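Q: Those protein sequences? They're chains X and A, same order as listed.
Positions 1 to 303 (the numbering used here) are the ones given, in order, by the first sequence.
Positions 304 to 690 (the numbering used here) are the ones given, in order, by the second sequence.
Because the hints were derived from the structure by calculation, they are not lab data.
No experiment lies behind these values; they were computed from the predicted model shown.
Just so you know, even glycine gets a beta-carbon here, dropped at the ideal spot from N, CA and C.
Errors might be hidden in some of the hints.
Chain A is faced by these chain X residues, among others (derived, beta-carbon under 10 Å) [said to hold, decoys possible]:
#1 E4
#2 P13
#3 E15
#4 L16
#5 D18
#6 I100
#7 E102
#8 E103
#9 E105
#10 N110
#11 Q287
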Amino acid sequence: MIPEHATEWLGYPVELYDPANGTPDYRNKVYRLASDYEAEEPLTDVLARFIGGPGSEETPALIFGLYGEHDSTPVAIVEALVALRARLPKLRGIFLGDIISEECEISWINQSDVSPLFRAYPNLEHFRIRGSNGLEFGEIHHAKLKSLVIESGGLDVGVLREAVAEDLPGLEHLEIWLGSDNYGGNITLSDLEPVLSGKKFPRLKYLGLRDSEFQDEIAAAIALAPILARLETLDLSLGTLTDEGAAALLGSDAFYGLKKLDLHHHYLSDDMMARLKNSGVNVDLSQQQQGEEEDDRYIAVSE
Amino acid sequence: MSARPPLVILGNPWNRRVVFAQRAADSLGWREVSTVSWREFLHDPERLANHMRPDGWLRIESPGEDFWVEKALLRLGADEAAAEAFERLAPEELEALPFRRGEILPMRQWYLGWRKTLQRLAHLLAKAKDRRAMNPPADIAAMFDKAQCHEILGASDVPRPQLLGLPESYEHLREIMRDAGCGRAFLKPCHSSSASGVVALETSRTGARAFSTVEMAEGRLFNSLTVREYRDPRLIAELVDAVCRQRSVAERWFPKAGHDGERFDLRILVIGGRSAHAVMRQSAGPITNLHLGNRRGDLDGLRRRMGPVAWQTALEVAERAAGAFPASLYVAVDLLVAPGFRRFAVAEVNAFGDLLPNLPHEGRDTYTAEFARLLERPPPAQVSASG
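In isolation and in its complexed conformation, chain X is listed as follows (with noise of 0.2 Å):
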């Protein structure tokens, strides 16, 4: 589940858009703008307002929580956004869906095409997106982007083939939530093949497959894939990754290169967790679950 909503994005503190509270600190703060729960007022409305304010040409990066309750989409704020390009000079993140459970289950969330957001904002270097019902990327080609995080409960396979195959050059960090097959999850290990190959996105440093179902067969394969010696951070954390999976890590040489690996939400062993920690690699291990049997274990995102 997500109980919460981002606090911090991109080195600034997010607070909640709230026209009471007055002019935004638009240079030192990052804005979430959502449509209140028993608002009528519709999303592009508030980014309207938002947008109205003097000195909102500083904005940084645009948080966007609920479109609506109902059936929303968020078309009409990626049509919005495209048209005040103008006005967002020194946009450089958005993030679209940060809804937590409470407010609508992940696997619920609604998407859209969002590759109009790419064409308008060429400086655009932050790219986050929860929620992978309807969402399509087509096809991009961005010279600046740095990070592109997709967290799905269930990602469909048609949109991790889009998200893999556009042409991303300056593309740092990558993060996919693979998510459960009951909520629409089918990826399988040969569909990774793009990433963990190293063939796209040269400047990968932070690779991210989280949240996944076979947690220790993307262990077990990023172990022997070429992408490992380039990595500075590997992220399996949320799934259900074993003593296997992470046994898989520890027998690679390049896993050693690593400065960071996330595996926090696991089904790792006491002995294993003793291993990690003297493996000379910084690792988060916090969060370990109990499940002896396979059914007994589950992914920390999917609803």
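For chain X, the structure is supplied; the task is to place chain A on it using the hints.
A: What follows is chain A alone, placed relative to chain X:
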């Protein structure tokens, strides 16, 4: 030590609520304490009258967790229930009813019997001067009716989740949700406690899914200790129809804030108008009741994070909710906190929500604090919120 007024506890004597209350009275040096069981009272209400002394106090405890008492209350509600359209059991069905763990029995009928019992109790108290209850029966009855609570709290301007209505069926519920532009709702039986029968419903154009502790088996409803997800539209309709037949309120789903990786709400016990014991109920799922595998969260950490202003506001909202029942000495308020900690809503007011063991506040457990407050300052003249 000053003299303690005589005290009678009406409850199920082997229940820990009663044991804790007796122990608390004892710790405060109370000598004249007697206990009358619900079974005795239901047999013969005058038995209670015989125990009550002038200037004495009555503490009314939950009738729950005793199948005999539950059946007796259902029996008492049978006539009135027959005049309504909600789920009910005829007297002969009741006689044959075996105990099945977790089974949800007709809640409306139970409530009608419970209300009648509380009315008898009120009548008995009114018959003689100087017989007073720590919480008057009429308030307890009101707190056992979530529809009535919406009215009472609304009259005191207490923020609540938006009331969508009292749906008659799944179809009706979907209709009132559509009309309100609402995609997510909580359906709560009006007369339930401990999340019994509660359904959290998410809808879209293309479908719906529901989270509930309710299990359906052979036409019966059972409470389970786990929250299960329903995705089969036929089962969701069956489940919601069954819960609507218990008489239920539908509320817009008020999004709860998260802390420490989970969502939470607050149970705040208000004693004599002032907030006292508080529990953070932290939950991975949408239903926060602690018996569902949820846990008490780090309240101090939350308070620090919320900051003094937001925390004070939360307490004031809880106190305002309790203030809607001015004749009741103690009221347990379930408070929802929105993300950002700026908005609050009262989800429930509980007549018997003070069973909060191992939670001292200013050195006292809930029961001791309530009795101590009674000695310091008895509640004002007993005018109940429900008139």
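Q: Each hint needs a verdict: does it hold in this structure or not?
A: Status of the hints after comparison with the structure:
The restraint placing E4 (chain X) at the interface with chain A holds, with a minimum CB-CB distance near 4 Å, inside the 10 Å limit. Given hint, P13 (chain X) at the interface with chain A, is violated; its Cβ is 13 Å from that chain's nearest Cβ, farther than 10 Å. Satisfaction of the interface hint for E15 (chain X) is found here, the shortest Cβ-Cβ separation to chain A being roughly 9 Å, below the 10 Å cut-off. With its C-beta approaching chain A no nearer than about 5 Å, L16 (chain X) sits inside the 10 Å limit, and its interface hint holds.
Here the hint on D18 (chain X) is kept, as its CB sits about 8 Å from the closest CB of chain A, short of 10 Å. With a cut of 10 Å, the hint placing I100 (chain X) at the interface with chain A holds, because the nearest CB-to-CB distance is about 6 Å. Hint on E102 (chain X) holds. Least Cβ distance to chain A is approximately 4 Å, under the 10 Å limit. Interface restraint check for E103 (chain X): the shortest CB-CB distance to chain A comes to about 5 Å, inside 10 Å, so the restraint holds.
Below 10 Å, beta-carbon pairs count as interface contacts, and E105 (chain X) has one with chain A at about 7 Å; its hint therefore holds. Look at N110 (chain X): its Cβ gets to within about 8 Å of chain A, closer than 10 Å, so that hint holds up. For Q287 (chain X), the shortest C-beta to C-beta distance to chain A is roughly 8 Å, which falls under 10 Å, so the interface hint holds.
Checked against the numbered hints above, the structure violates only hint 2.
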